[in-house]
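If you're matching them up, the sequences are chains A and B in order. In terms of numbering that gives the first Met the number 0, the first sequence has 40 at position 41, counting the first letter as 1, and numbering is strictly consecutive. In terms of numbering that gives the first Met the number 0, the second sequence has 443 at position 444, counting the first letter as 1, and numbering is strictly consecutive.
Certain hints may be false.
Listed next, with one range per pair, are the computed distances between beta-carbon atoms [what the hints assert, rightly or not]:
no.	chain 1	residue 1	chain 2	residue 2	range
1	A	Lys263	B	Leu276	47 to 57 angstroms
2	B	Ile280	A	Tyr64	35 to 45 angstroms
3	B	Val301	A	Tyr64	53 to 63 angstroms
4	A	Glu174	B	Ala269	40 to 50 angstroms
5	B	Leu43	A	Asp65	52 to 62 angstroms
Derived list of chain B stretches under chain A, where covered just means 3 residues or more per stretch with a C-beta under 8 angstroms from a C-beta of chain A [as the list claims (entries may be wrong)]:
no.	segment
6	98-109
7	131-141
8	144-155
9	198-211
Over the 12 angstroms line for every Cβ pair with chain A, so calculated as not near, a few chain B residues [said to hold, decoys possible]:
no.	residue
10	Arg7
11	Pro13
12	Phe37
13	Val59
14	Thr62
15	Val158
16	Pro294
17	Gly348
18	Gln349
19	Pro352
20	Phe381
21	Thr389
Derived by calculation from the structure, the hints in this document are not laboratory data. Every residue, glycine too, gets a C-beta built ideally from N, C-alpha and C.
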Amino acid sequence: MSETDVTAGRTPDGTPTGISRRRLLACGLAAVPAVVGAQLLLGSGPDDDAGAVRAAEPASPGEAYDPSAHEWAFVIDTTTCIGCGRCVEACKLENHVPDVPTFNRTWVELHVVAQDGTVTIESPDGGRYGFPAGDAPATASEPVRDAYFVPRTCMQCENPPCTWVCPVSATYRTEDGVVLVDERRCIGCGYCIVACPYGARYMVPAGETSPKGVSGVVDKCTFCYHRITRGMQPACAEVCPVGARIFGDLTNATSAVSVALGEKRVRAMKPALGTKPRVYYAGLEGEVQ
Amino acid sequence: MTVQVAGRALSLRPRVAWRAFRDEVVGMPRALKAWLAFLLLLCLIGAVAALLALPPGWEVFGTSPSFEWGILITAYVFFAITTSGLCLASSLGTVFGIEMFLPLEKRHAVLALLCLITAFGIIALDLHYPVRMVLGAVLSPSPFSPMWWMGVFYGVYLVFLMIEVWSIFFSHWNIHRAACLLSSITAVLAPTTLGAVFAVLGARPYWHGAFTPPAMVTMALLSGTALLGIVFYLVHHLQLVGYERARTLAIPAIRLLLTIVLTVASLVVAWQMLFGLYGIIPGLADATKAVLVGPLALQFWVVRVGLGLAVPLTLLVLPRTRTPRGLFAACCLVFVGIAADRAIFVSAGQIVPGTAVSGVVSSPYAEYGPTLVEIGVVLGAFGFLGLAYTLAERYLPMGEHMGHLRAAEADVAVPVGAADRPPAMTPIPEVSPTPVASPTPGQSPAQAPIGAPAVAPLVDEPGGAL
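With the rest of the complex left out, here is chain B (with noise of 0.2 angstroms):
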């Protein structure tokens, strides 16, 4: 009895499986078997915290009536702003038909739905019912409330990008093009709403005003291509599925796109800090001052401008950092700083008490420290995704498809003047299905048998310049 998963044959009976499953892991990398194990160790924690903070376990977060919103609030935001950057980043291949981003498309796809899912994860367990959530958001809906519509637009972006996924594995194309559609206009949407639900509290200065809305799109944008730098990277390095792909094409989009949006989140930064000290409206200026010189200060300069900011755009400038590895570099510097500036955004905008703490003198600041279920909650959603990935990467069909890549290219526009020349597009080159240790030439990863490792061994950085 077996059952066909991503187009491989597995067998139901426990002691073929175990062999099957043995087989499997003996025959990987070293390198790969330590970062599954690896990551395997961050699941782990995080399924421990995750039983702790399960109700009745809410004793275990460090927020408090003054400070409600902790880490898993960052990291909710965090993840999901990413899963929207992906589709954003990826819509200009598959949306606006611009052909250098064509690649990005499979891989951002699965990317953005496990982020969307390792999101809804860590809201589920800050939720004290989070069953209670669903049911009430239909039964008792509240048009009024902008957390009521991020539900709705990060639900109804889930199911977009469950079809886009499905649609692209099984070669939907038409189904596939409304779906990446769909979930492009939905992954603007989604974040500018969930900047809302921050950007609508009047009682909170620092989040409060129409600023917060787009400045979350583009940290989203930024956060999204930052990822992609990284997988696409990795891609390139460890000659996996599409690598040739990856190089001429991909890392150079990613590359374009990581500067211009780097610049553009470069100059929200330094707006939102000078709008901050310039306002006379309370709170605001002492928020503004507690990440500028306060208890937040060494967080945002070093992390936040230093690492995220400042260090990544030198790289990008740099002729000598212009390679795969410099942008891997500023994309992994850019993706820590991200993580890094929406802990300060969620801070900064409770850390200016609106009224005395009880039992604390009101001045300076309200404090907030995560405690470990907290972190290991936060840790075991960087492992899941991870693992996620790792196992797609690896079983999935990951290389691009002529299907959908034709299907898309049907939808650029010919430059205006170009009608009478040869097609505009150049043929786009085969992709390589096939990884280098399959075990017959030819033979694709989903006819390998299971035992067969579907990733090419690592190999030298090839380096050189985009």
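Chain A extracted, bound-state conformation (with noise of 0.2 angstroms):
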């Protein structure tokens, strides 16, 4: 069996695997080796312009950013991210975000679904440093029908309710589709936390600043606006070793996440609500919210 399939519980062909808890642990483990191994390689953080390779395709550095050429999207395939947590150690360098497990402008999720279809989550340290043994979910019953990662993040929302709610407009939707704070008028209410669906936004705590060096304000993911309006990836797209986290314009064809979009069977989170996110992941199970 293949180390994807082992992790993700499926077999190539999507049928659950009926993984033991215990294996799934061992591939965990297995999975530390295979990050420290990728960054080697890689051979650079994600906080050096060095490293910022891959380029996203509409633009490139140099060039007027023109935001009205563009969609930002995103696809996240759950059925190749091993959960290494790269992506949320790329983010927290990347955009200065609180070194506290609780705040993160990405994170991942470990799901684990019994065979009666209880689902437990578990994200220590929102999956910064993976998923090792001892940290399993203890509330898991055996046996196991299915276990994921699920990488979460901003969904960029087209309908945003945080947008909508914020009393003095200091979060808003960017013509290419990204949702922005403005910090210089964020007052710190809290209510676009309260009003996010997808638990993604949180209050900059006390000793931190927002990349801007503001205190107080609210933070989430940009998708890493700084880094795409020059034509880079962002961070933890950078940075994901398996290629699970796939970043481009919808405006063009034959970018990476349109062609993605074509290919894989995806959805979106929670798609009763509204929101249309930007976000589409591929794989995920229908006990995921």
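Since each chain sits alone in its own frame, please combine them into the complex, following the hints.
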């Protein structure tokens, strides 16, 4: 059985394997050296400009950026994610995300589905350090029907509830489809945090600042807007060793994200809310909300 | 050199002012001194907590990304709906001209103003950038945001309340009537938009839906009525200014209103729970179960349902407890029940995490515990409200003035078929303007020297059925 099969808890054709928890955890441990190896191969951290080699298609460094010419989107392939947490680490470093486990712009969850349908979710330290065997979900009942990693982030909704509720218009959606926060306007009321159905926002805690050096305001994933407007990939997509995070421009039919949307069977999270996320999931189970 | 404060001449010379203050304190009844000392202690606790909570002190709150709104939001909601409820209760007299609710007017206006100031103080401490909020609401308004509208309505409500208080104490009856009408309208709009702040959030099934704004208004009316009941019982019990009218008109009026609203509120709570259990909406049933059998169950069954609804209703129903003291007990319990209700409401909306909390297994509930600083702010808020109102009761002419009562009377519609009969309204007896301990018979509190006690000494409970 291949590594991907075991980690995702499915055969290549998608049939559940009935994987045991012990095998799952053993696989999680095996992922750690793979992550370290991948980091060594790439040779640089996400805050190192030299590492930003995979350019996003539509814009390139030096070009004048035209937001009306782009529609950014993400496809996250849960069938390939190995839960290494490298994306979480990269995001933390790239965007000055507080070095606190509960504050993340992106995080990875381990979903374990028992035979009776009970779903146990765990995300130790936001999945930043992977999922070591000792941190296995203690409540997971045997036998396990399925198990997979679900990377989470802001869904950059087309119809974002967070922008609607902000009383001072501090959070807004750009023309190219990214929801941002104006830190000079944010009053720190937290309304957008409770309004977000995906738990993608947090208040910058004491002793920490946002990337622009402001305390006590809301922060969230921006698709690494400072990078994508310069023709680079978001930090998380940049460092993903298995290509589970596919980022690109929907206006470009040949972009990786457009191709992935055409080839993979994807779904959005919580579609009933009508938020129209711009982050799509491939291989996502129905239990995930 | 002197200044006039509430009709009293106060010297600005430090030595004279200090002597007058000392004489005033010495002349106070012992029970009043103890009460003021207790309130001052609460205010001191609140002041220390507020200093810690001010930026950059937001680490002193127990909130987290998965439980962003804590006890300060609960306290804000509680005081915000109470101020609205006070105005709604008294509007039955001031706007709709129902005679038995007329005596509520002056005290309601002062209480409503103080409650609103308290609510604003709490939310300013909860926000990280309150000044930016005021500027942002004006310079970059967001008309799609219920929170923006809530700020607008409560801001306008503050202005109308200030005009109402000013006009009632300075006898501008035409302005007063207009202010009463406008403040009553905003007193409905403000809590409904406060309810909408929660109701529009599709991410929070327990809050979401058209049911929330009217439920918020119901709880507002219940809370305001209960506070009026507490105050008017004390006016009656301590024989403060206007205690005769408190006994003969205000207390029966409050009892009637409390019975009706308490019954409606009980149905609202019952249907909210039943609807939640029937729901197939993800998260709604989980949140309702958290209230009924989960971590909020003790608070719900004991404080909310038992002490806040069942016992007060029993006190109002049983013939033996249909006394001012019984009403007072019912109002106190209802007031506590509403506080618990708002805490449950704010918590239940967040207790079912939408996503896995980082580092914690998402099942079953998100956790939050208020810090000492948050508790201190809330204690300080109650202390401020109690202290400010006690001082207002002692030093402002709180007796209902004949002018505004008659002005309000003029608005009372004559019942159909009564045109040929003598005037429908019985003459309103003259309000006793003079406290028992006034230094000179016939001298109003406003004329009394600063050192004279304006409050009657404590007397025994007059008792008797309503």
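**Message:** The hint says 40 to 50 angstroms between Glu174(A) and Ala269(B); measuring C-beta to C-beta, is that right?
**Reply:** With Cβ atoms ~49 angstroms apart, the hint holds.
**Message:** So is the segment 144-155 of chain B in contact with chain A by the C-beta rule, three or more residues under 8 angstroms, or is the coverage claim wrong?
**Reply:** Held - the segment 144-155 of chain B has 5 residues with a Cβ nearer than 8 angstroms to chain A, which meets the minimum of three.
field: Beyond 12 angstroms from each Cβ of chain A, as asserted for Gln349(B)
entry: violated (7 angstroms)
*asked:* For Thr62(B), is the shortest CB-to-CB distance to chain A above 12 angstroms, so the non-interface label stands?
replied: violated (8 angstroms)
Item to check | Distal placement of Thr389(B) relative to chain A, Cβ over 12 angstroms | outcome: holds (32 angstroms)
Minimum Cβ separation between Pro352(B) and chain A greater than 12 angstroms? About 7 angstroms separates Pro352(B) from the closest Cβ of chain A, which leaves it inside 12 angstroms; violated.
Is it true that Val301(B) and Tyr64(A) lie within 53 to 63 angstroms of each other by Cβ? holds (60 angstroms)
**Study point:** Within 8 angstroms of chain A's CB atoms, at least three CB atoms from the segment 98-109 of chain B: coverage verdict
**Key:** With 0 residues closer than 8 angstroms to chain A, the segment 98-109 of chain B misses the three-residue bar; violated.
- prompt: Is the Cβ of Arg7(B) more than 12 angstroms away from each Cβ in chain A?
  reply: holds (41 angstroms)
At 12 angstroms, judged by beta carbons, does Pro294(B) keep clear of chain A as stated? holds (17 angstroms)
Any Cβ of chain A at or closer than 12 angstroms to Val158(B), or is the non-interface label fine? Consistent with the label, Val158(B) stays out of reach of chain A, its closest Cβ about 19 angstroms off (over 12 angstroms).
#### Entry: Satisfaction of the hinted span 52 to 62 angstroms by the C-beta atoms belonging to Leu43(B) and Asp65(A)
holds (59 angstroms)
Comparing the model with each earlier hint shows violations of hints 1, 6, 13, 14, 17, 18 and 19; every other hint is respected.
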